[in-house]
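Asks: Each chain is listed here by its residues.
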Amino acid sequence: MIGVRVTVPISCFRKGYAREYLETHLLPPPATCYGFLLSLVGECDRQRHIGCRVTAGLISAPVKSVVLRKVWRVKNPRPEARENIRPDYQELLSNLELVLWLDSAEEDRSRPTLDKRVCSTLEYPEHTHRFGGLSLGESTHLVNDVSVIKEISKLKGDLEATMFLLDARGEQTLPVWVDHVQSTNTRYVTGTIQTRNLNTLSRDEIPMIIPP
Amino acid sequence: MSLHVYANFVTPYGTAANNRAETDGNITTLQKILWLGQPHSTVSAEAIRFSLRRRLADLEDSGTNRRWNETERTNSWEDPEFRGWDTDSGKTYIDDDLLGYMRAEAAKTEGTTSTKVRRAVLELTRAVSLTPWNGDVTFNAASPGATPAAVRGKDKFKHPVPYGCEMHATRYQYGMSLTPESLREKSRAASAIEALCHLGTVAGNQGRFLYDFSPDAVVFRLTHDPAPRILYCFESNDHGKTVSVDQLLARLDSGDIQIEELICGVSDFESPLYQQLKNRGLETMGVKAACASVLDRMSKLIGNEAQP
Numbered sequence: 063m064i065g066v067r068v069t070v071p072i073s074c075f076r077k078g079y080a081r082e083y084l085e086t087h088l089l090p091p092p093a094t095c096y097g098f099l100l101s102l103v104g105e106c107d108r109q110r111h112i113g114c115r116v117t118a119g120l121i122s123a124p125v126k127s128v129v130l131r132k133v134w135r136v137k138n139p140r141p142e143a144r145e146n147i148r149p150d151y152q153e154l155l156s157n158l159e160l161v162l163w164l165d166s167a168e169e170d171r172s173r174p175t176l177d178k179r180v181c182s183t184l185e186y187p188e189h190t191h192r193f194g195g196l197s198l199g200e201s202t203h204l205v206n207d208v209s210v211i212k213e214i215s216k217l218k219g220d221l222e223a224t225m226f227l228l229d230a231r232g233e234q235t236l237p238v239w240v241d242h243v244q245s246t247n248t249r250y251v252t253g254t255i256q257t258r259n260l261n262t263l264s265r266d267e268i269p270m271i272i273p274p
Numbered sequence: 023m024s025l026h027v028y029a030n031f032v033t034p035y036g037t038a039a040n041n042r043a044e045t046d047g048n049i050t051t052l053q054k055i056l057w058l059g060q061p062h063s064t065v066s067a068e069a070i071r072f073s074l075r076r077r078l079a080d081l082e083d084s085g086t087n088r089r090w091n092e093t094e095r096t097n098s099w100e101d102p103e104f105r106g107w108d109t110d111s112g113k114t115y116i117d118d119d120l121l122g123y124m125r126a127e128a129a130k131t132e133g134t135t136s137t138k139v140r141r142a143v144l145e146l147t148r149a150v151s152l153t154p155w156n157g158d159v160t161f162n163a164a165s166p167g168a169t170p171a172a173v174r175g176k177d178k179f180k181h182p183v184p185y186g187c188e189m190h191a192t193r194y195q196y197g198m199s200l201t202p203e204s205l206r207e208k209s210r211a212a213s214a215i216e217a218l219c220h221l222g223t224v225a226g227n228q229g230r231f232l233y234d235f236s237p238d239a240v241v242f243r244l245t246h247d248p249a250p251r252i253l254y255c256f257e258s259n260d261h262g263k264t265v266s267v268d269q270l271l272a273r274l275d276s277g278d279i280q281i282e283e284l285i286c287g288v289s290d291f292e293s294p295l296y297q298q299l300k301n302r303g304l305e306t307m308g309v310k311a312a313c314a315s316v317l318d319r320m321s322k323l324i325g326n327e328a329q330p
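Read top to bottom, the protein sequences are chains W and C.
Under our numbering, the first sequence has 272 at position 210, and the numbering climbs by one with no breaks.
Under our numbering, the second sequence has 52 at position 30, and the numbering climbs by one with no breaks.
Don't read these hints as lab results, they were simulated from the structure.
Fair warning: there could be bad hints in the mix.
Listed below are the simulated BS3-like cross-link pairs for lysine-lysine, each with C-alpha atoms no more than 30 angstroms apart in a straight line [to be verified]: (1) C/Lys113 / W/Lys137; (2) C/Lys322 / C/Lys208; (3) C/Lys310 / C/Lys300; (4) C/Lys208 / C/Lys178; (5) W/Lys126 / C/Lys322; (6) C/Lys310 / C/Lys322; (7) C/Lys138 / W/Lys137; (8) C/Lys208 / C/Lys310; (9) C/Lys263 / C/Lys310; (10) W/Lys132 / C/Lys138; (11) C/Lys138 / C/Lys208; (12) C/Lys138 / W/Lys77; (13) C/Lys138 / C/Lys113; (14) W/Lys126 / W/Lys77; (15) W/Lys178 / W/Lys132.
Interface residues of chain C toward chain W, partial, derived using beta-carbon atoms under 8 angstroms [as the list claims (entries may be wrong)]: (16) Gln53; (17) Leu56; (18) Ser66; (19) Arg251.
Covered stretches of chain W (chain C as the covering partner; in silico rule of three or more C-beta atoms under 8 angstroms from a C-beta of chain C) [to be verified]: (20) 80-88; (21) 157-167; (22) 258-272.
Heads up, the beta-carbon is just placed ideally off N, CA and C, and yes, glycines get one too.
Same shape as in the complex, but just chain C (with noise of 0.2 angstroms):
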């Protein structure tokens, strides 16, 4: 009676430098996680909403109800106090519904509910790298006067300032949840899919995005089985150059997954995993395609259910 989407993204390979944590001395730190017993960089959930946020105010014509102010480095709000939800009429946004928001004023007693809480449709999880991070450091040198707080005296604005900066070559895979017929506009599901596949630039050096996180290959499981069983189900053998999804051919054979739930997109069909999905008899299109493919079955199926 509820159906799930559920999805497991890889981002392409690339080189990572998301340095939010705290810094060492000189030296700018990436987050790392112990992750299957060793270390390896991670970026939250909290970064890809961010960015799925703006990928949102972008593509949505009636805007989001937050939105990054690059100037102010604040955001500008349409519905500050989230009036819309008071009503069943009322405007609302895209944002709000999928992501959820809270005023601070909201709980007041207990148990009661309020319409200035709304517990997020679609949740995403911390992106995890394929590979583990083997310690990869560059040396760097800010221009003078670039960190002006990094250096003391009178020559503060004449020397470069020297900084070295962890980095981290590989891939990343991060997982998504999301109930459509919970929405207050079911329509806007799609519209999430379609901006997590085309999500862009998600964290990079002092976050400004330099990685793009847009899916190089991605798992969508349509069910109504509440546990996703696709979490974090890429592999890879050769240090991140190809996936492969291994566990995931397991939980077919073990029967937790059924074939027809899976929908695989791949951006290279010379890739070995697209051979892999293939020859397990996966149904696997390009990435755009299994979007659209997804878009299209989430659809049906919510339609279905809607009749009696």
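Same shape as in the complex, but just chain W (with noise of 0.2 angstroms):
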């Protein structure tokens, strides 16, 4: 399992419901913390890493505020019809420090995984070949710092973090595959937000992508 401390100046990681007043989850779900991961490595096929377990945990308390933006739906497939704009509210969050874990030991060994890609790109960027603002949220909420903690043990006792666990009696139900087209094929995991010691986290506690 590595870590990957990220900060996201500006984000929103908008629930998948909200259609009139876009809300914001705290943080990332995991379907949004591996495409950002495939983003880092430049890796465009969604499949690649799946069997790969996720999950964002806060290092820093979000702050929300809520601003007043165009938002685009589709009435009429004309571009910029008018009828396809409309002013609606969005929650933001700002200045956020998060670690992603990403545990990799259920994924297709026989390839590079996920957790590899990572670190080798952080490590030699100049090795690979990636595309595009790296963002955490909507495209324009670009990242500014990704770093890689290898070793979680060597991490302080003190450090916590509020993280998406795995819990089949949780209150949160948060994607791990998102349809971006329909959403009948968005699969969801429950679990719940609680504040842990990183160093106790065990493999089983975080979501795996699987796609439907």
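Assembling the complex is the task here: the two chains are given apart, and the hints tell you how they should meet.
Replies: Written out as structure tokens, the structure is:
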């Protein structure tokens, strides 16, 4: 298991069913974290690292703001038809500091696993082919820092994070796979958001990325 | 293997009244977010993208695919179907190449690629004020008849309409990320950086563009690193009068950023910022010179990487 420390100056992790008031989750769902890691290593095939486990932990307490913004919806396929545009409120999180926990033990081991690729991208970025801004949330929500925490056991004993962990009787459902077109194939897992010492984290508690 | 160009821009000091938020009675409010624990005014990335597209439409000989028609208050399109992207040799436009596009009917099934969708190669971030908003409001009166919707009755066109307007005297900073080799035409990266260095007006009172977003200072970073590490690196300790980059220097000290990756531009060689950068040994020049230097270094690096 590796930890990837990420800072995001401004972000929004829009709730899947938020339509008229664009609410945000407090932390990025596993599917968002997975997409971010794929973008980091320049991988375009979403199926490439299925079986990895990933979740986000907050190091900083998120601060929420609300802005009014232009929102697009599809009423008319003609670009910029007036009925496609409406103003709406959106929640934004500022000054986010996260650790993404990534475990690749259950991935296909015959090819380089996601944790290895993340480490090698950050160690030798000149050998990685990737494109576009690296974002967590919407595309304009650029991340500022990315670095790897390789050994969790070497972390200070008092380092705690607020993270989403699997819990069959939990109160949160977050996506581990998103169907961007019709949402029928979006796959959720159930868990709780809890503050935990990072040394006590076990693999079984971290959501696994599996398509339907 | 993938060269990224990052930048963080800071505007000159000016009075912003970007009233595209909700109104509160007869007060036109500013958009604000909590930033480092205090309310700061903000301008969306979309507003900056709009202004960039407008700038490119004026600068580019072949124009842009969409161009804002001020009279009709809508876009005029050259290729609304994005047909130029169907083939490798089709005619494409700089704004689609840099800023991406999407046709609503493009995605019918998950995972299929379409020529009707293109992700932006140039990403801009939301602009955030350098100083907290301290609550400035002006009192104004619109001319009689200027806003008839705000006055009822038969005196509708006789009396002026009083209103308050939230304002913020400050600077704004925002960031950019660009991967030149992902462009259909790589030379367009230079046009984008030049346009951003001469951006002009973005966002103002009722979108009438009163605030100059051309950089007063800029930090560029050319690197293979996927993380910019320079976003929002400007600070001010004197209410926006001058700018400093303490965070950036701390990053250099920690080894996160290499000094040779950076090119800095300032508009005033007498400023404390110039001294701070120069004392640290950073390559610092005027804003236009920094832009030219980045373009020169970028073309060399892309040229080197293109060779086997």
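Asks: Confirm or reject each hint.
Replies: Hints, verified against the model:
1. A distance of roughly 29 angstroms separates the Cα atoms of lysine 113 of chain C and lysine 137 of chain W; the hinted pair therefore holds under the 30 angstroms criterion.
2. A distance of roughly 12 angstroms separates the Cα atoms of lysine 322 of chain C and lysine 208 of chain C; the hinted pair therefore holds under the 30 angstroms criterion.
3. Of the pairs offered as hints, the one joining lysine 310 of chain C and lysine 300 of chain C holds, with about 17 angstroms between alpha carbons and a cut-off of 30 angstroms not exceeded.
4. For the suggested pair lysine 208 of chain C and lysine 178 of chain C, the alpha carbons sit about 56 angstroms apart, so the restraint of at most 30 angstroms is broken.
5. Of the pairs offered as hints, the one joining lysine 126 of chain W and lysine 322 of chain C is violated, with about 43 angstroms between alpha carbons and a cut-off of 30 angstroms exceeded.
6. For the given pair, lysine 310 of chain C sits about 19 angstroms from lysine 322 of chain C by alpha-carbon distance, which is consistent with the 30 angstroms threshold.
7. Under the criterion of a C-alpha separation no larger than 30 angstroms, the hint pairing lysine 138 of chain C with lysine 137 of chain W is consistent with the structure, at around 18 angstroms.
8. Only pairs whose Cα atoms come within 30 angstroms are accepted, and lysine 208 of chain C paired with lysine 310 of chain C is accepted, the gap being roughly 21 angstroms.
9. About 22 angstroms separates the Cα atoms of lysine 263 of chain C and lysine 310 of chain C, which keeps this hinted pair within 30 angstroms; it holds.
10. Among the hinted pairs, lysine 132 of chain W with lysine 138 of chain C is consistent with the structure: their alpha-carbon atoms are about 22 angstroms apart, no more than 30 angstroms.
11. Proposed proximity of lysine 138 of chain C and lysine 208 of chain C is supported: the alpha carbons are some 20 angstroms apart, at most 30 angstroms.
12. Of the pairs offered as hints, the one joining lysine 138 of chain C and lysine 77 of chain W holds, with about 26 angstroms between alpha carbons and a cut-off of 30 angstroms not exceeded.
13. For the hint pairing lysine 138 of chain C with lysine 113 of chain C, the CA-to-CA distance comes to about 14 angstroms; that is within 30 angstroms, so the pair holds.
14. In summary, the hint linking lysine 126 of chain W to lysine 77 of chain W is supported, as the alpha carbons are separated by about 14 angstroms, within the 30 angstroms threshold.
15. Taking the CA atoms of lysine 178 of chain W and lysine 132 of chain W, the gap is near 40 angstroms; set against the 30 angstroms cutoff, the hint is violated.
16. For glutamine 53 of chain C, the suggested interface contact is upheld, since its CB lies about 5 angstroms from the closest CB of chain W, less than 8 angstroms.
17. Proximity of leucine 56 of chain C to chain W holds as hinted, the smallest CB-CB distance being about 5 angstroms (cut-off 8 angstroms).
18. Taking 8 angstroms as the C-beta cut-off, the interface hint given for serine 66 of chain C holds, the closest approach to chain W being about 6 angstroms.
19. At a threshold of 8 angstroms, the smallest CB-CB gap from arginine 251 of chain C to chain W is about 6 angstroms, leaving the interface hint in force.
20. With 0 residues bearing a CB less than 8 angstroms from a CB of chain C, the region 80-88 of chain W misses the requirement of three and the coverage assertion fails.
21. Judged by the Cβ-Cβ criterion of 8 angstroms, the region 157-167 of chain W is not covered by chain C as claimed, because only 1 of its residues qualify and three are needed.
22. Beta-carbon proximity to chain C at under 8 angstroms applies to 0 residues in the region 258-272 of chain W; the threshold of 3 is not reached and the given coverage is violated.
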